[in-house]
Amino acid sequence: MKFSMFFTLFITLLLAISCNKETVGPSPEDTTVFNNGLGGLGPFIQEEEIPEPVVLGTTSPAQDQADPTLECYYTNYKVAPGFDEMLALDPTTDVIYPGAMLLGESIPTGEYIPITADRTPITLSISLQNLSGSPVVVIEDPKLSTVRAGVKSILDQEVTSATPAKLSFEISEVYSEQHLKVALGANYRSAGNSVSAAFNFSQSTYSNKFLIKYIQTYYTIDMDAPAGPSDLFESLPEISTFGSASPVYVASIAYGRMVLYTVETNRSFTEVNAAFSAAFASGDGSIATQYQQTIASSNIKAVVIGGSAATAAQIINGPAEVYNYIAEGGNYSKESPGAPLSYKLRYLKAGTPVARVVLASEYAVRTCDLAYPKYRIKINSLKCNDCPEVGDPEIYGRITGRAYVNGSAVGAKAEWKKSRDNAWEIHEGQEYGLGLSADVELYRPDYNADYIKVDGWLKERDAGDDDDLGADSHIVALKDIQLNIPVYGMLTFSGNVDVKYTLERLR
14 MKFSMFFTLF ITLLLAISCN KETVGPSPED TTVFNNGLGG LGPFIQEEEI PEPVVLGTTS
74 PAQDQADPTL ECYYTNYKVA PGFDEMLALD PTTDVIYPGA MLLGESIPTG EYIPITADRT
134 PITLSISLQN LSGSPVVVIE DPKLSTVRAG VKSILDQEVT SATPAKLSFE ISEVYSEQHL
194 KVALGANYRS AGNSVSAAFN FSQSTYSNKF LIKYIQTYYT IDMDAPAGPS DLFESLPEIS
254 TFGSASPVYV ASIAYGRMVL YTVETNRSFT EVNAAFSAAF ASGDGSIATQ YQQTIASSNI
314 KAVVIGGSAA TAAQIINGPA EVYNYIAEGG NYSKESPGAP LSYKLRYLKA GTPVARVVLA
374 SEYAVRTCDL AYPKYRIKIN SLKCNDCPEV GDPEIYGRIT GRAYVNGSAV GAKAEWKKSR
434 DNAWEIHEGQ EYGLGLSADV ELYRPDYNAD YIKVDGWLKE RDAGDDDDLG ADSHIVALKD
494 IQLNIPVYGM LTFSGNVDVK YTLERLR
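Going from the sequence shown to our numbering is simple: count from 1 and add 13.
Hints were generated in silico from the structure; no laboratory data involved.
These numbers come from a predicted model, not from an experiment.
Treat the hints with care, as some may be off.
Unchecked claim - Derived pair list, reagent style EDC-like, types lysine to aspartate or glutamate, alpha-carbon separation capped at 20 Å: (1) K396 <-> D459; (2) K194 <-> D77; (3) K426 <-> E284; (4) K226 <-> D131; (5) K472 <-> E517; (6) K387 <-> D77; (7) K431 <-> D480; (8) K156 <-> E284.
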């Protein structure tokens, strides 16, 4: 009887314990409701993706005040590229780590608000294949401190062979401080501050700004995707905890070293790209003279992330320093494990789709054309070599230098003019300085079709019939008058009188 009573009590206790074990964690019904609730949350609200810049409008051209030869206008653009991976730029951040959960609605704003909840264990793995031990670690209680400890336990293992970094090199033109965020591909609010400080967006004397990203990726640390969103929680939070958008988690982080070069220059995109490509490929920074000149004439700074160098912008003094910055981080090692460079977000819902982040920017591009070239027409001198009159000849007539656009005379003219009653007595064989000059500014001339014409006619006054010395005319196309290279010419009248002139392009 006693045995039967004790046996019954034992079975009852065993069943109670068994029931308690089964009720630990969310019930299947709660799990279904939770997963369906998360599935009902949409992606975070952000700008529509615009992969390539679109024109919003253009300002009217206006003469540049600093350089009157130029006419400038602004074209306003909008661009909103989407990114599957974002640059981290801030290795010390406490919200971006493998397995971290974030409020989805905080991603477009750059706030990245963490979600605090009772978490189930997660499994992380590293892409390195040459470790002495396992590349996998299980994080029992996922949070910043435990994830850091787990990652450290993997990286503390010995490396059995060299691990060359995966290299990438990208150059982008930057038009404004807001546009820099797009060029960087960085969204977290504090990211990019040191890079932005390296540019002078308000008072720079350079016409172009470029951002060069040289990335040396050592490895990635990835989190195993859950079978369902509820699998990541010990106890299920209220759906309202996540706000209006689907939450996200950090699914993957790439580690390594990155050098960001900020370049302010008057050189073109092609010239800067060629110079840096040559420096990176040189092996020691030795490059051709033309590339050296491009780098020497530019204001270049380097921001290093994931290396021993300071993260503040450092001034680059030549091609060798450009190369030295990248040569320091060519391989992963236990002593140089790198820093977080980029991360991938996934939505916490069935299938864990990638949370693509759109970065939008509006910016203005200034375009200037040489619209106001300026020319100087000078009638220099007159000389009678063999005038028909015996004694001192008396010359009258007209010599004119003038610009022509579309076949019509425009602007000021240089002109010598004498009437018969006011004939000029000169001495044969003597050259007389005339010193006549006119400056003319033209608006967008056709350099092939438009021209400057110097022409005239001369006569020698006599007591009887005057001697006609004839006419002469020279036409010089604008394309043949180069900047700061004078064109010298001479009109000749009947082989007796020479008139010298000079045409100059001043700007």
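| said: For a quick check of understanding: which of the numbered hints are violated here, in increasing order? | reply: Checked against the structure, the hints that fail are numbers 1, 2, 3, 4, 5 and 8, while the rest are satisfied.
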